[in-house]
Amino acid sequence: LCGMCWTNRSDPWGPHLQLKRSAVNILVSLSASNNRNGEDSWFKSLFVRKVDPRKDAHSQLLAKKEDTNLYKIQFHNVKPECLDAYNSLCEEVLPSINTDAHYPCELIGTWNTWYGEQDQAVHLWRYRGGYPALTEAMNKLMQNKLFLEYRNERGKMLLSRRNQLLLEFSFWNEPTPRPGPNIYELRSYQLRPGTMIEWGNYWARAIEFRQQNSEAVGGFFSQIGSLYMVHHLWAYKDLQSREETRNAAWRHDGWDEVVYYTVPLIQHMESRIMIPMKTSPLK
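Numbering (our numbering), first residue to last: 390 to 672.
Quick caveat, the hints were computed from the structure, so don't treat them as lab data.
Check each hint, because a few of them may be wrong.
Listed next, the in silico DSSO-like pairs over lysine-lysine satisfying Cα-Cα at most 27 Å (straight line) [as the list claims (entries may be wrong)]: (1) Lys-545 <-> Lys-461; (2) Lys-468 <-> Lys-667; (3) Lys-545 <-> Lys-667; (4) Lys-529 <-> Lys-545; (5) Lys-545 <-> Lys-626.
Estimated spans, in silico, between C-beta atoms of each pair [stated by the list, open to error]: (6) Tyr-520 <-> Gly-583: 21 to 27 Å; (7) Ser-559 <-> His-641: 35 to 41 Å; (8) Gly-505 <-> Asn-636: 17 to 23 Å; (9) Ser-559 <-> Glu-525: 20 to 26 Å; (10) Gln-507 <-> Glu-542: 31 to 37 Å; (11) Asn-466 <-> Ile-586: 30 to 36 Å; (12) Asp-627 <-> Lys-529: 37 to 43 Å; (13) Glu-646 <-> Pro-582: 31 to 37 Å; (14) Tyr-649 <-> Ser-549: 16 to 22 Å; (15) Gly-583 <-> Ser-485: 25 to 31 Å; (16) Arg-576 <-> Asn-466: 25 to 31 Å.
Computed from a predicted model, the values in this text were never measured in an experiment.
In this text, a Cβ means the ideal position worked out from N, Cα and C, and glycines have one as well.
Could you build all of it, start to finish, from the sequences and the hints given here?
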């Protein structure tokens, strides 16, 4: 045995094992140092979604080209005790704006939320001509005494309000008036930034599975307000037909794939079941 072993006869192999362990630790440390950047990159790749660079805005790639439609969606949270008065006020004023050719805007639909956030009203407007039409409509409404009185009275009834400006997906139907009675579902998706093109590519295929019963009303994505927001608007006869229609989609080859690949793009989603107001063009 070497002299080192004789110095510790009670554990003659101890020094050799200690040296071996030290050598292994040094090698592990060097390996970890050399590979740390690679490991960090691999670990981060589990949580950071890679997004291909784009040279075009997604609004140019996804929106309809044949005409320039801009949409505004409004969410009004009404004081519970004021909901009936609020609805009466809207039914008195909003149709007069919708039918007046002086204003370059159309009321697509106006609803109360039935399931979802309670005591809420949702209004969807279309401006044919894009942002110039929006500016023209708002300037003219500021000269409309009836509208100014409506806005003043409305303010007394609201707890909060917010809106978004939207474009419509090129592969969705354009919303048009329809007879009732129907219930409407507004499904809202907050997407991960940078994934709008990917979402649009999958839904351009998926919409084919959801037009069998004419339930698809409109699909939109936000431009101003909460960004990377998508809204899908559906119409059903009742909640039971909604359930049956949604279940039927799973019997189409390819629907499961679309769901599988689009779910990871979503940060948050919300569903509202809405009832049309009496004067809504979408009944």
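These are the hints, each one checked on the structure:
| no. | hint | result |
| --- | --- | --- |
| 1 | Lys-545 <-> Lys-461 | holds, 22 Å |
| 2 | Lys-468 <-> Lys-667 | holds, 20 Å |
| 3 | Lys-545 <-> Lys-667 | holds, 22 Å |
| 4 | Lys-529 <-> Lys-545 | holds, 23 Å |
| 5 | Lys-545 <-> Lys-626 | violated, 34 Å |
| 6 | Tyr-520 <-> Gly-583: 21 to 27 Å | holds, 24 Å |
| 7 | Ser-559 <-> His-641: 35 to 41 Å | violated, 22 Å |
| 8 | Gly-505 <-> Asn-636: 17 to 23 Å | holds, 21 Å |
| 9 | Ser-559 <-> Glu-525: 20 to 26 Å | holds, 25 Å |
| 10 | Gln-507 <-> Glu-542: 31 to 37 Å | violated, 22 Å |
| 11 | Asn-466 <-> Ile-586: 30 to 36 Å | holds, 33 Å |
| 12 | Asp-627 <-> Lys-529: 37 to 43 Å | holds, 39 Å |
| 13 | Glu-646 <-> Pro-582: 31 to 37 Å | violated, 24 Å |
| 14 | Tyr-649 <-> Ser-549: 16 to 22 Å | violated, 36 Å |
| 15 | Gly-583 <-> Ser-485: 25 to 31 Å | violated, 43 Å |
| 16 | Arg-576 <-> Asn-466: 25 to 31 Å | violated, 19 Å |
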